[in-house]
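Chains as they are written, first to last, in the numbering used here: chain D, 225 to 373; chain F, 225 to 373; chain E, 944 to 1025; chain H, 944 to 1025.
No lab work stands behind these hints, which were simulated from the structure alone.
Among the clues, some could well be false.
[As the list claims (entries may be wrong)] List time: in silico SDA-like cross-link candidates among lysine to any residue, alpha-carbon distance up to 25 Å:
| no. | chain 1 | residue 1 | chain 2 | residue 2 |
| --- | --- | --- | --- | --- |
| 1 | F | K283 | H | E1002 |
| 2 | D | K267 | F | W296 |
| 3 | F | K283 | H | V959 |
| 4 | D | K309 | E | M992 |
| 5 | D | K357 | E | M992 |
| 6 | D | K309 | F | P324 |
| 7 | F | K357 | D | D249 |
| 8 | D | K283 | E | M1006 |
| 9 | F | K357 | D | S373 |
| 10 | F | K287 | D | G327 |
| 11 | F | K357 | H | A1008 |
| 12 | D | K309 | E | I957 |
| 13 | F | K283 | H | D1005 |
| 14 | F | K357 | H | G1012 |
As the structure is a computational prediction, the values presented were derived from the model and not from experiment.
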Amino acid sequence: MSVSVQADDFDVGAEIIALSAGRTDIGAVVTFTGLVRDMAGGKPISDMELEHYPGMTEKALEKIEAEANARWDLQASRIIHRYGKLTPGAQIVLVATASPHRGDAFEAAEFIMDFLKSRAPFWKKEGTADGGKWVDARDADEDALNRWS
Amino acid sequence: MSVSVQADDFDVGAEIIALSAGRTDIGAVVTFTGLVRDMAGGKPISDMELEHYPGMTEKALEKIEAEANARWDLQASRIIHRYGKLTPGAQIVLVATASPHRGDAFEAAEFIMDFLKSRAPFWKKEGTADGGKWVDARDADEDALNRWS
Amino acid sequence: MMQVLYFAWVRERIGVPREDVETSAQTVADLVAELRGREERYDLAFSDMSAIRVALDQELSDMSASLAGVREVAFFPPMTGG
Amino acid sequence: MMQVLYFAWVRERIGVPREDVETSAQTVADLVAELRGREERYDLAFSDMSAIRVALDQELSDMSASLAGVREVAFFPPMTGG
């Protein structure tokens, strides 16, 4: 179990290797990588600024990860979330889970992502032609979260 | 869309990069990596031999991938499945999906894995202390498949 | 004395990312009412409380929560991580 | 003339991975019956048909399917990929 909140980019391949290095008991590794898209609401965006709440962010991510480990049979997990100004195509977030069973690895990764979307203290501002626009929280993300309760 | 059936190992990091290289419209990349576990049914295994049906395997994988692309909004997908004798810790299979939306990427990857488990012509033989044992198909895998119909 | 933090458009509307606030407010709602009475920028930032979330000492909380013993209060819009 | 393929423990029981079969069987079930009548190793391999799957020209099929025009028949246990 490990979380990082950082401005720097990350290497998904290296993270997967680190998760399973030297182990022969893992059956399934699932990764989710979130990327900055070049369009939002049908309009092009020049960049995405991620603001966060230092201190609380790390705590929230650790809590989400611990909850996933309590609910599913995980052998390892990793969360990396970036902040700062990112351009389209850039990696924003990585969630990786390892389990003996594929179902656990998939569900835990989806659960963590659903929590990150509406319970981790990050706020996104899209750079658009008419200035910046704060991204609104989506009802669909709240609904996605509710399916786990 | 691309499938490979091969004896050689693969590099998940490089595959993810290839999937999204030069693109800025992808929002989510999900990968599933299946690995050889060192235990089966509570007993240690020395290796796992994967037999397949050359010709049919490629067709089955292409069909599974096309079906996933028809059902979900995917921008790219990749399936690699190995055959031959693999040792514990070795990578067996990679499924990678890219989509504007995380839900589509997750569901498509799970769907493809569920199909691979019981509809791709592979057979696993575990090397055990008392010789080899063909892995039985699991009812749970058949059930997992049925949820998509 | 309490440190109050603002994030995203709440921060932009209020104009500062954090400030020390001398208050005897008993609950978060009391504190919000007090801030709104101060200046228009606070009144504007807190005009739609359905769009405001609060954390007390870095734990998500709600408007009716007590401020007893709390050192850090943060106000922000619904989170959009991931 | 038809090419018949065997995989996994079906292959092990029958003892060959593939063979050419001269047959006038109309359906897969007819072909299985014909093979079982040949030698004990076939009879053993096909003793529990609930554990046998069939592909005709590399497409999954079933025991009642017609063999008309089929060039390649494969018998194998339930698949265990992934």
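These are the hints, each one checked on the structure:
| no. | hint | verdict |
| --- | --- | --- |
| 1 | K283(F) x E1002(H) | 9 Å, holds |
| 2 | K267(D) x W296(F) | 23 Å, holds |
| 3 | K283(F) x V959(H) | 24 Å, holds |
| 4 | K309(D) x M992(E) | 28 Å, violated |
| 5 | K357(D) x M992(E) | 20 Å, holds |
| 6 | K309(D) x P324(F) | 20 Å, holds |
| 7 | K357(F) x D249(D) | 19 Å, holds |
| 8 | K283(D) x M1006(E) | 21 Å, holds |
| 9 | K357(F) x S373(D) | 41 Å, violated |
| 10 | K287(F) x G327(D) | 23 Å, holds |
| 11 | K357(F) x A1008(H) | 31 Å, violated |
| 12 | K309(D) x I957(E) | 22 Å, holds |
| 13 | K283(F) x D1005(H) | 18 Å, holds |
| 14 | K357(F) x G1012(H) | 36 Å, violated |
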